[in-house]
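One line per chain: the protein sequences are P and C, in this order. Sequential numbering from 1 applies to the first sequence in this note's numbering. Sequential numbering from 1001 applies to the second sequence in this note's numbering.
Be aware that one or more of the hints could be misleading.
[As the list claims (entries may be wrong)] Simulated restraints on C-beta separations:
| hint | chain 1 | residue 1 | chain 2 | residue 2 | range |
| --- | --- | --- | --- | --- | --- |
| 1 | P | G78 | C | E1015 | 48 to 54 Å |
| 2 | C | E1002 | P | Q81 | 36 to 42 Å |
| 3 | P | N22 | C | K1068 | 19 to 25 Å |
| 4 | P | K60 | C | R1064 | 38 to 44 Å |
| 5 | P | S58 | C | K1009 | 28 to 34 Å |
| 6 | P | S83 | C | H1010 | 22 to 28 Å |
No lab work stands behind these hints: they were computed from the structure. Just so you know, even glycine gets a beta-carbon here, dropped at the ideal spot from N, CA and C.
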Amino acid sequence: GDSVTQMEGPVTLSEEAFLTINCTYTATGYPSLFWYVQYPGEGLQLLLKATKADDKGSNKGFEATYRKETTSFHLEKGSVQVSDSAVYFCALIRIGGYQKVTFGTGTKLQVIP
Amino acid sequence: GEEVAQTPKHLVRGEGQKAKLYCAPIKGHSYVFWYQQVLKNEFKFLISFQNENVFDETGMPKERFSAKCLPNSPCSLEIQATKLEDSAVYFCASSQSEGSQETQYFGPGTRLLVL
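Using the sequences and the hints given, assemble the complete structure.
Written as structure tokens, this is what we have:
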């Protein structure tokens, strides 16, 4: 079945540090890939997405590139802020399937001043 | 509306009591999904609807869980005779269309605590 693997957290960074959260996937066909973010006590927000190989999704300074050859969708940000502290979920939706989202286990990011 | 709405935000039930959660999808979205988020951030898919029809119910524990999406009403997820392990955050999501991998937009969740 489909699966998404994320790096274990928590990740603790100082403000303005560079962020990478690794994500790899296993799926039949060519899924769409997503990053969702969950701020403390809140729901899930879509951060960015990519629907085909080599697409780059970007939003709020975050970027991720759909790499078919390595089945990866790593999340990056050049300079994190305290307000970026949250749990980040990598996810996929498989084409031609029932559209349920397959989530990774989440990576907690803590940014300290 | 422009966002997925879920009510209530918090729900506390004694073991064995019934719990009913509601979800209003984004206007114009024809697909509704329910997910359960348990400890350690694990998401479990429960059920999906295409309009008022069940689309995929492979994740539903059918003996105590039921769900409906009726025309002109919020969708609902009902748990009969709740158990301690039902304590979780229940998220509803909606999306626009079938087969084209449309993005799912999530509501704020309902936090259910079973005591």
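Okay, the hints, checked on the actual structure:
Hint check: P/G78 to C/E1015, Cβ distance near 49 Å, so the stated range 48 to 54 Å holds. For the hinted restraint 36 to 42 Å between C/E1002 and P/Q81, the CB-CB distance of approximately 26 Å leaves it violated. Hint check: P/N22 to C/K1068, Cβ distance near 40 Å, so the stated range 19 to 25 Å is violated. A hinted range of 38 to 44 Å holds for the C-beta pair P/K60 and C/R1064, which are about 40 Å apart.
Evaluation of the 28 to 34 Å hint for P/S58 and C/K1009 yields a pass: the beta carbon distance comes to about 31 Å. Against the hinted window of 22 to 28 Å, the Cβ-Cβ separation of P/S83 and C/H1010 comes to about 25 Å, which satisfies the hint.
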